[in-house]
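Each protein sequence line maps, in turn, to chains A and B.
Per the working numbering, the first sequence starts with residue 1, numbered consecutively.
Per the working numbering, the second sequence starts with residue 1, numbered consecutively.
Derived from the structure by calculation, the hints contain no laboratory data.
Check the hints yourself; a few may be wrong.
To be verified - Negatives, chain A to chain B, calculated, CB over 10 Å: (1) Y15; (2) E22; (3) K33; (4) E37; (5) V124; (6) E162; (7) Y185; (8) V216; (9) N225; (10) A251; (11) Y261; (12) D266; (13) A280.
Claimed, not checked - Under the rule of at most 25 Å between Cα atoms (straight-line distance), these lysine-lysine pairs were calculated in the BS3-like manner: (14) A:K47 x B:K87; (15) A:K228 x B:K25; (16) A:K47 x B:K151; (17) A:K153 x B:K130.
Claimed, not checked - DEER-style ranges, computed between Cβ atoms: (18) A:E90 x B:N159: 54 to 64 Å; (19) A:W92 x B:E121: 12 to 22 Å; (20) B:K25 x A:I291: 23 to 33 Å; (21) B:D3 x A:L46: 14 to 24 Å; (22) A:Y155 x B:A60: 47 to 57 Å; (23) B:E19 x A:D227: 21 to 31 Å; (24) B:Y134 x A:N192: 23 to 33 Å; (25) B:K25 x A:D101: 21 to 31 Å; (26) A:L46 x B:E147: 24 to 34 Å.
The C-beta atom is built at its ideal place from N, Cα and C for all residues, glycine as well.
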Amino acid sequence: MANINNISDELLAAYLEGNTNEAETLEVLNALKVDPELQETLDIALKVEDETAQTTDLPAMQIAALSDENICAVRCEMFILHRRGIPYDEEWLLNTARRKDWLKPEGTPLYCLGYLLAYSGLLVNRKYDSTIDDIQQALAMDNDVVVGVDREKLYAEAVDLEDLTNHAVVVTHIEKDSITIFDPYEEPYISNIPLSDFLNAWKESHHYMIQILQSVEEYEPHPVNVDKIPLDGNLEELQEAIAENAHDVWAEARIKEGWTYGEKRDDTNKKHPDLVPYTALPDSEKEYDRIMAFNTIKLVKKLGFDIVKRNDKET
Amino acid sequence: MTDQEIIQGLIARDNRVTEEFFFVKCRPLFYSIMKLVFDYEVEYDEMINELYVYLMEDDASKLRDFQYRSSVYQWLKILAIRFFIKKRTRLIEDNSQETPYDGREQLAASEADTSAEGDLERLFNMMPTKRYVYVIRQLIIVDKEPEQLAKEMNITTANLYNIKRRAMLQLTRIALNDIKKYGKHK
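One chain only, chain A, in its complex shape (with noise of 0.2 Å):
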């Protein structure tokens, strides 16, 4: 598209993307300082950039599972086994995790961390989006703690080429300025790092943490936040399926118990006001069930899955 510079939309696109020449990049940056349609377009392309960022994949450890070598979670996992006496066999450890992949080639998302302490009957809650207050929180009730990081952003000495979340760590102890880690694969293990640097690694996985709770009073519930990814016109279509199917599931399966339709809920005698179809729920409930079917459905896109609609034809 023309404009008052005469950059091409190819060449901003080439700009963007760090495949101009020196002679380009001045030119375009020069042509930025007096053409406010060009300071609004990559305004507009930064912005979009910031968007993509919030609502892009959740964040996957990407060396882990490629060998014996990279197999922190894992790690972090045995370690906490260790911590709480409980008899395990690291060999079984890791073929589970690869057998029911949890351990992937190219790499763990980080929602599986966790899964084999959750398979050894420990009970595991997860969190992205937590704060050191979290964390510290969940130390003081004797929690154990495992974290997602960047490794290299951990050790002053490392160098760090690019942000990701490559790492798990377990956390054992918070002081005002440092804080204390597992690292499964940085001797003598257990060291003590300055706060910032930890924090700086941590962003890189959203704040994400496991929380390795003691009793299930301890649990509380912290869905992944999906207030900021945008569903496109034929997904909120989904959202109405998905919501009169997960009640129809939720019906056949009372039913199946021996649970009949009754105008109040007798536990006793398995009578439920909601045994009806879902075109007769009343909006509350029907509307409970769009809330699950909604979040679930970003839930979806959110840890990096697309949906995409197949056509009529071959429907």
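Once you've looked at the hints, dock chain B against the given chain A.
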């Protein structure tokens, strides 16, 4: 789909490519752009259709002229931003007459500032991530081959491209903030 397949598919009006890439994959991108460009409700689908018509006009000359200097997605992002900005301008004007951008007095960038190289150094100094500055210097100023630089930095070329992209975003952000702060635009 590769970028080449996308471009060729769009030019050939291949239904599958057009639907999957333009109308499905790029749809959230177009929505985001429209929300930022227009501060009022617009008919999103209608706008996207208009954008498609614009992309395909003159026997898809824009697509045919594309030289793969960036990803198709990045190019389409810029194209869409500019299209919607111009569309907004046209809508604001009472008549549907196209804004005469092309007929405007050309503001020669070279007249705006003759010390662009010095400015670039100043922007580099303002960038907080020095490895980004290093990557821009090596790739754009020194014109080093990406493969060679990646080897020197002991990273993969794919990682280097990612760093380069982030570096250019940071440079642009700094440049825009600088203009806003000091009101350099005339």
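inquiry  = Output the indices of the hints that this structure fails to meet, ascending.
reply    = 1, 2, 3, 4, 6, 16, 18 and 19
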